[in-house]
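Based on the hints, put chains B and C in the right spot on chain A.
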Amino acid sequence: CSTSEVLKQGYVLDEDTLALVPVGSSREQVLLSLGTPSTTATFDNDEVFYYISQTRSRPVAFMKPRLVDQRVLAVYFSSEGMVRQIANYTLQDGRVFDLISRTTPTGGRDLTFLGQLLAGPGEGGGAVPNPFGQTSDGNPY
Amino acid sequence: CQTEPDIDITALASDIDPPDVLYNQGLANLQGGRLTEAARKFEAIDRQHPYSEFARRALVMNAFVKYRQGDYDEAVNGASRYLSLYPGDQDAAYAQYIIGLSYFRQIRDVTQDQRDSARAIQAMQAVVDRYPDSEYVEDAQAKIRFARDQLAGKEMQVGRYYLERREYVAAINRFRNVVERYPNTRQVEEALARLVEANYALGLTDEAQTAAAVLGHNYPDSQWYADSYALLQTGGLQPRENTGSWISRAGAALIGPDA
Amino acid sequence: AVVNSIQVQGNSRIDAETVRGNITIRPGQDFTNADIDESVRRLFATGLFSDIRIAQQGGALVVTVSENQILNQVVFNGNSRIRDRQLEGIVQTKPLGPYSEPLVQADIQAIRDAYAAIGRNDATVTTNTVTLADGRINLAFEVNEGDRTRISTVNFVGNQAFNDGRLREVITTKRSNFLSFLTRRDVYAEDKLRADEELLRRFYYNRGYADFQVVSSFAELDPATNEYTVTITVQEGERYNFGAVNVESSVADVNTEELQALVQSRSGATYSAEDVEDTIVAISERVADSGFPFAQVTPRGDRDFANRTISVSYLIDQGPRAYVERIEIRGNTRTRDYVIRREFDLSEGDAFNQAMVRRARERLQRLGYFGSVEISTAPGSQPDRIIIIVDVQDQPTGEFSIGAGYSTGSDGGASIEASVTERNFLGRGQFIRVAAGGGENSRSYRVSFTEPYFLGYRLAAGFDVFRVEDDRPDNYSYEQTGVTLRVAAPITNNLTAGLAYNFSETRYTGTDSSLSLAYQQGIASSPWIKSSISPTLTFNTLDDRQLPRDGIFAEAGMEVAGLGGDAEFIKFTGRANYFQLLSESQDIIGSVAVGAGHMVSLGDNARVFDQFLQGGETIRGFDARGFGPRSELLADGDRDALGGTTYFNASAEASMPMPVVPRDFGLRVAAFADAGTLYGTDLDPSVTVGGVGFDQTWRASVGASLIWASPFGPLRLDYAVPVAKEEFDDVQEFRFGASSRF
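Chains as they are written, first to last, in my numbering: chain A, 1 to 141; chain B, 1 to 259; chain C, 1 to 742.
Please keep in mind that the hints were generated in silico from the structure rather than gathered at the bench. The beta carbon of each residue, even a glycine, is placed where N, CA and C say it ideally should be.
Here are the simulated distance ranges between beta carbons: (1) G398/C x D93/A: 45 to 51 Å; (2) N128/C x G107/A: 52 to 58 Å; (3) Q56/C x E138/B: 38 to 44 Å; (4) L99/A x L499/C: 29 to 35 Å; (5) P132/B x E101/C: 42 to 48 Å; (6) R166/C x R66/A: 50 to 56 Å; (7) R66/A x I387/C: 26 to 32 Å; (8) Q56/C x Q90/B: 26 to 32 Å; (9) R85/C x N24/B: 32 to 38 Å; (10) G371/C x Q125/B: 28 to 34 Å; (11) G371/C x N24/B: 43 to 49 Å; (12) Q125/B x D93/A: 43 to 49 Å; (13) V434/C x R102/A: 32 to 38 Å.
Chain A on its own, in the form it takes in the complex (with noise of 0.2 Å):
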């Protein structure tokens, strides 16, 4: 049995139901057809609709999943919402290089060892009904 998996994420593309949707359909029938897409580039006119489908593969199932196959299909909208364009984009278009480490800083409390430690069985649950029967809520029953 060989080791190798194959992952297949993002948006499921099959390439009869693309036909269905040359220019000038309308913003309806992609959605019918294609769905809602993985991510859209207008806040509110709906400028263009991104499907993205990723195919990766993992040699060795403790190996990180590496990315061999991308696509990108934008589909582009005209002002009146007619499909002016369709464009592909695939694994040699992205760029590869390193993130920026740097975060912006959060509070909250986090966990220390001893206070780990201490803390014992975590937090209690649920509302502790206090002399009047009340639940936190605040009514009497």
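Frame of chain A; chains B and C shown alone:
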């Protein structure tokens, strides 16, 4: 397993101390920093003189003492009971504020569940809406901003997780969520910079350029903008705002349409 | 209507302002009858008043209330089986709360239900009250617990295929036996009986009885003896086999032949609902993995009454196209978000795939960090979007445990070990353990750390630092300190590869001159440094770690010592264990184990401490280091064990639950036969002169053992008689090993 002794309830006469004496003892203990003793005094008033005027004040003082002791659940319970019994009272704003603070103190690191941030926002928002002229409104709003930044921080943390694994769809949607729902937090700068990275890696250069343009437009001297600009430079690109794109519209929402 | 003031009458303790605060009517504002009703409802909701009347008199609204008596103290007397604290949780009447008769009645019933749940159906509860000054009351619940209601017999009517004894083992309601106070299995509960019916249905469906029905099941309480007799009437119906079984697909280019191989429900075999379910899971996983995430598998069975067969066809068709919009992780108050998220093979934006979600759930549960893991789905923002919601509940993963053990044999004796373990260190999923142990004359210390996702790969990398001090009065003592750096990588679901680097320095001291030449040579070469690399390969398909009934556990490894240090050898070792459930009704488990090892020393001769030492733990019936090559005859007439360069062993064992004792004791008996050999030596010829046992002679033994998975820890008692041995071997028929953690 020994059985508990039977209690003969007739003998259980409750000793009654005058409420004002108890109340002043409670206050004295509070000033003296003996919190447990103060809590016991305030609870004694509640037990012996339920629903009296002193009991009302003791209830809210007790909630404060529990909060100072770090017993947040009890503080929230005491304060909520106060609000249900005396909703229109002058200390109600303070009680609501104590509830907000109790949740606020329990906010965790962004890599963990942020339900306390959400509860803190809800409670502090109640202070702002129901008691607009109380002196706690200003701090309540500051706490809301911090808690929202925590929620945005969690979205960013998950977004970065997917970005490192080059799962761009997940990353873009998470960062986009930050830009659209938490525009007035510190995280939005990084969110825009990460969008530049994600789109650029995908090969969607015009999206990357728009994101960088909005970032530059709103935060011209931010280090994130400098990094994004440098990144686009490597591909010989300029941050060019594609006005129709959602990012520029979100940017407009950030700084007001006319700016 | 409008009023200009609100007057409150009838209140003595409760402040008028509190009453006004809780009604919706305000002076000067218009109000309707609906407002009056709402106000009455809210005032009642505070629980402070037994009666409320609101009426308008002229310009004023008059609210007449009569206050409930306030409870001062609520106590419970006469209860020992259930603690006061638990009763306080069940009861709604609380100190400082209102005293209302209907509420007290409800509490009495709640207490009776609590006692019924622990098998005391005839407990009775009464209350008495004492009124104090200014309308306050003390209330006491007087509880008379009665004694345990037991179950005398559980009998079945209408069962031919399986006898009563077998069916009794299927259901959870058990007859009372002297251990019931511990197991509580003999408590009769209505819903438990319903659950038992379901267990019976599954039992029969999995054995071909597709028409099985539970006609009736009820329990009669005999008040005189306070015991239940439970009678369950069943109708088994016909026994069915599988007819034709095939896989059909309406989804293009899914090759059904390949899927046919996955089918567990073979035609001709007895019908089993479980096989059908397993087949569905197997097919849907295979289909999903081969790129059809939206495909759905639905079984269609049609029954042929004549020759009593059910033919099943598995239909694969296109399910709804749904994508994951977000994965929401909630409840993790300690474990970090990424530790949970990385167990998912699917990410946001991917096609929703039920098989992958199920696999993630299994992985999360296997982590052992969570009390509960629930994965549910919620509709997303678009019709074809789904939100996966992961609700986890962190459980304490820190553990301070003290273990005591006793084992017989020459180097046995009592031993104790204390350890602090944290399986989810700082919520980062890392494992850290500090342990210290000791026996009569040995002390050991060990620190271990493991990071399960080293550098983002699914590699479990870690290190162990250990120190052992062992000073045996009769011959020699040694101190060993060392460190192991290890990494383990899953190749497939069942196969894991491991690589470890070990460095250890051992100092020997031996004053006793009666040691054999080989040991004296070994001690002379102290301190002895070993620096070695050991790659291993582990294959594990056991279904259960504590009591495997099916599956194989096999491990093969190599240790190459000689990267610096004094020890220079290559050791090949391998072992395999195969388990098979021989009889399901009697729960007889058969297991076969084989093992082998060979050592080749590089450079000059090996030392006695590097050679393989075998004994009772491999062939039961022999003492520790009981067989294999021996040194020359020593002054005290004994010979030291020199160990060997090559060993083979094999063992066969069959275990079953102790016949007469009820199964939920966890008592099992086993019969076994062991065989093995240890031979060959790489020692310096000068130290092996006069030695014996270097040739390949097989030792064997047969025996029986008693295994008890007791609440205090596993206990094992072996009695074995060697049937083939050398006269110089050390024999030890009786072995007893117990270790308990508490």
